[in-house]
Amino acid sequence: MSVLTVLIVVLGAIFLVVGAWYVLTRKDLLVATIASSIISLILSVFFLILQAPDVALTEATVGVALTTIIFVVTIRNTKRMEE
Amino acid sequence: MKKIIIILLLAVIGYFLADIFFEIPFGEDSMVVSKEYLDKSPNDLHVANTVTSIVVNFRGFDTLGEVTVLFLASTAIGSILFRRRKVHTKLNPQRNAPHASRIVQISAKILFPLIVLLGAYVFIHGHLTPGGGFQGGVIIATGYLLLLVTYRKFSVSHSSLTWIEAIAGVTFAGIGVLGLILGKDFLENFLPVGTINNLFSGGIIGIIYVAVGFKVASELTGILDTMLSIKVDSEENEQN
Numbered sequence: 001m002s003v004l005t006v007l008i009v010v011l012g013a014i015f016l017v018v019g020a021w022y023v024l025t026r027k028d029l030l031v032a033t034i035a036s037s038i039i040s041l042i043l044s045v046f047f048l049i050l051q052a053p054d055v056a057l058t059e060a061t062v063g064v065a066l067t068t069i070i071f072v073v074t075i076r077n078t079k080r081m082e083e
Numbered sequence: 084m085k086k087i088i089i090i091l092l093l094a095v096i097g098y099f100l101a102d103i104f105f106e107i108p109f110g111e112d113s114m115v116v117s118k119e120y121l122d123k124s125p126n127d128l129h130v131a132n133t134v135t136s137i138v139v140n141f142r143g144f145d146t147l148g149e150v151t152v153l154f155l156a157s158t159a160i161g162s163i164l165f166r167r168r169k170v171h172t173k174l175n176p177q178r179n180a181p182h183a184s185r186i187v188q189i190s191a192k193i194l195f196p197l198i199v200l201l202g203a204y205v206f207i208h209g210h211l212t213p214g215g216g217f218q219g220g221v222i223i224a225t226g227y228l229l230l231l232v233t234y235r236k237f238s239v240s241h242s243s244l245t246w247i248e249a250i251a252g253v254t255f256a257g258i259g260v261l262g263l264i265l266g267k268d269f270l271e272n273f274l275p276v277g278t279i280n281n282l283f284s285g286g287i288i289g290i291i292y293v294a295v296g297f298k299v300a301s302e303l304t305g306i307l308d309t310m311l312s313i314k315v316d317s318e319e320n321e322q323n
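If you read the sequences in order, they're chains C and G. The working numbering puts the first residue of the first sequence at 1, with every later residue one more than the last. The working numbering puts the first residue of the second sequence at 84, with every later residue one more than the last.
If you're looking for bench data, these hints aren't it; they were derived computationally from the structure. None of these values were measured; they are calculated from a predicted model. Treat the hints loosely; a few may be bogus.
[Unchecked claim] Simulated pairs of lysine to any residue, SDA-like, Cα-Cα distance not exceeding 20 Å:
| id | chain 1 | residue 1 | chain 2 | residue 2 |
| --- | --- | --- | --- | --- |
| 1 | G | K118 | C | A52 |
| 2 | G | K236 | C | A52 |
| 3 | G | K85 | G | I96 |
Here chain C stands alone, though its shape is the one from the complex (with noise of 0.2 Å):
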């Protein structure tokens, strides 16, 4: 493992748990929503470097842009905010 993938994955590690943290306690949906495509992303560049580039396939387009246009969608038919 070289010098940037360290960094990759520690700086990664931190970016997911407080992404985790933002989706669980906002109140707008919408945020919450690109905050957990973004988890996302970095969970495929995750998968791709334990050299599973399949799984990472996979995330990358269900989890970044399918998942998400699916919420969103759902939100503007909804409410945005929740009570």
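Knowing the structure of chain C, use the given hints to seat chain G on it.
Then chain G, alone, in the frame of chain C:
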């Protein structure tokens, strides 16, 4: 009294669990089946990507089940949310929504064929490079998502999507049945395996992954188109 009985029962269960736990050999490699996979897929089946050969050849029936689950999910979403196209063209609320900017429209036009090409590459080369039918199909659906979000008037024909989906599903199941007819097991390889690392190698994997790619792409595009045009109902209800 009750608490004592509970503690006794927990102690008995704990004793048996601990007994089984200490029976397990620690630190010894007992995974025989993974060695079989790693040995067999490059040598006998001539598949470069071992993950693909496990998913399609050794556990093809599981993959058929997954595809069926996805089909059921898309059918359920369609049956709950889908309304006929005639209603949309008249009352489509997305027509009144602000258009995407010119930059986004032109970049979408340039990016769409490239995204579809990438998806097709991923599922055609599923037995050589990482990826496969599911990933390629989702990538193609993402390309259609870009067009659906950018162009308000863009819509996909649901009847042709249904036909593509049906033909792809029948191809997948038909290859399994063809194996039965030719005297092999269900979804067992019956084609010549070719040379490893060539495009035409690995037997039935290529055909099955092309079918799965088309099926997943059409299903997810249908789901996205249905979900992006459901605002019609709520506006209609508000007017009534």
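Each hint, compared with the structure:
In summary, the hint linking K118 of chain G to A52 of chain C is supported, as the alpha carbons are separated by about 18 Å, within the 20 Å threshold. A distance of roughly 39 Å separates the Cα atoms of K236 of chain G and A52 of chain C; the hinted pair therefore is violated under the 20 Å criterion. The hinted pair formed by K85 of chain G and I96 of chain G meets the criterion: a straight-line CA distance of about 17 Å does not exceed 20 Å.
Going down the numbered hints, you'll see the structure goes against just number 2.
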